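First to last, the protein sequences are chains A and B.
Residue 6 in numbering that gives the first Met the number 0 is what sits at position 7 of the first sequence, and the numbering runs on without skipping anything.
Residue 88 in numbering that gives the first Met the number 0 is what sits at position 89 of the second sequence, and the numbering runs on without skipping anything.
Be aware that a few hints might be false.
[Claimed, not checked] These stretches of chain A come out as covered by chain B in the derived footprint (C-beta under 8 Å, 3 or more residues):
1. 52-66
2. 88-101
[Claimed, not checked] Once the Cα atoms are required to be at most 27 Å apart in a straight line, the calculated DSSO-like pairs of lysine-lysine come out as:
3. 109(A) <-> 110(B)
4. 128(B) <-> 43(B)
5. 50(A) <-> 51(B)
6. 181(B) <-> 66(B)
7. 50(A) <-> 110(B)
8. 109(A) <-> 35(B)
9. 43(B) <-> 109(A)
Quick caveat, the hints were computed from the structure, so don't treat them as lab data.
Here the structure is a predicted model, which is why all the values come from computation and not from measurement.
For every residue, glycine included, the Cβ atom is placed at its ideal position computed from N, Cα and C.
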Amino acid sequence: MRIFLFIAALLAAPLCAPALSPLAPSEALALQPDEILKDPALEARAREISKELRCLVCQNQSIDDSDATLARDLRILVRDRLTAGDTDTEAVDFIVERYGDFVLLRPPFKNSTLILWIGPGVIFAIGIFGVTLWHRRRRVAVAAPVAPLSADERARVDAMLAEKPDQ
Amino acid sequence: MLRPLTLIPVAVFAVLAVVFAVYLWQVGPGGKDISKIPSAMINKPAPQFDLKPIANLPARLKIPGLKTADLKGGVSLVNVWASWCPPCRIEHPVLMNLAQQGVTIYGINYKDKPEDATRFLDQLGNPFKKVGVDNTGRTAIDWGVYGYPETFVVDASGHIRYRHVGQIYPHQLESLILPLLKQAAQPVTDSSKAGSAGAGGS
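The following block holds chain A by itself, in its conformation from the complex (with noise of 0.2 Å):
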């Protein structure tokens, strides 16, 4: 039981992370005071969904983190979107029609990226089987009954039990 206990604090290791790190980087902004719209409520979708748009210059920052000229346009293209009518849905499709779904920092979920996202928990579940099986075989081989002595050996055992140490 207690390897299972060990499992779930791994687990829940990372839900604690935030509450331990209370220096959390400051917000410095690759957005520049010119792309900003005047709608609060539009800046904000925009702002939301320009952090799931994966920067195709930099690869591993969202345009809303990076100074490359392609993400301000892709941040401005956003805006231009929304500002147009757009839903949340609609803007990010537009962006991902032209620069397929690796554009997008959470990958999508299908037949493509099934691997991706099952994968983990199937070798999780594996790795679990495995450890359930190993454990109850080492139970049953330590609770296994032992066969009681036969005569010979209860003999040996009384002859060893009534010798006397050597003085």
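Place chain B on chain A using the hints.
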């Protein structure tokens, strides 16, 4: 005593080791550049655009602007370039070579100053049949461009068949570009689809 179950971890390790080795080998020196992203535009029609010619072109450079309709009617290369982009400058002789072989090359001049673009073409020669100016970068985004230069192979129906990120090296002319142009002259087949999406590298 070796039971079959004991061999499972060893087998898993062996398989993983082979997979990792193959991937490492691919990205090793002279190998595949994994920062290159497959284009989402393959086998789609080229985006709609209508771009003006480079402003104040001298009479010796008569290059009209470029629009989507121009791409129909024959296989062509569409090259996204700028005078400020060093690899574009290095790549230019390759484009000149292609143009001399009779390949139709169109240009999209990305966020450039007209006088700089003119000087670039004056110095290095003009391989382009038409060049459209993209000052806002919107047309480049419509093509899914993220680095410069980028070169697209467009077939006679105006569909994008291949995207090359970065400069075309001289040795890639024979090994990559010319075969692709030949392939683009054929109608789309399943094998060409598979080839165009994954091919590339340097």
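To see whether the hints hold, each was checked on the structure:
no., hint, in the structure
1, 52-66, "holds (count 3)"
2, 88-101, "holds (count 7)"
3, 109(A) <-> 110(B), "violated (37 Å)"
4, 128(B) <-> 43(B), "holds (23 Å)"
5, 50(A) <-> 51(B), "violated (34 Å)"
6, 181(B) <-> 66(B), "holds (24 Å)"
7, 50(A) <-> 110(B), "holds (25 Å)"
8, 109(A) <-> 35(B), "holds (22 Å)"
9, 43(B) <-> 109(A), "holds (21 Å)"
Consistency note: the structure conflicts with the earlier hints numbered 3 and 5.
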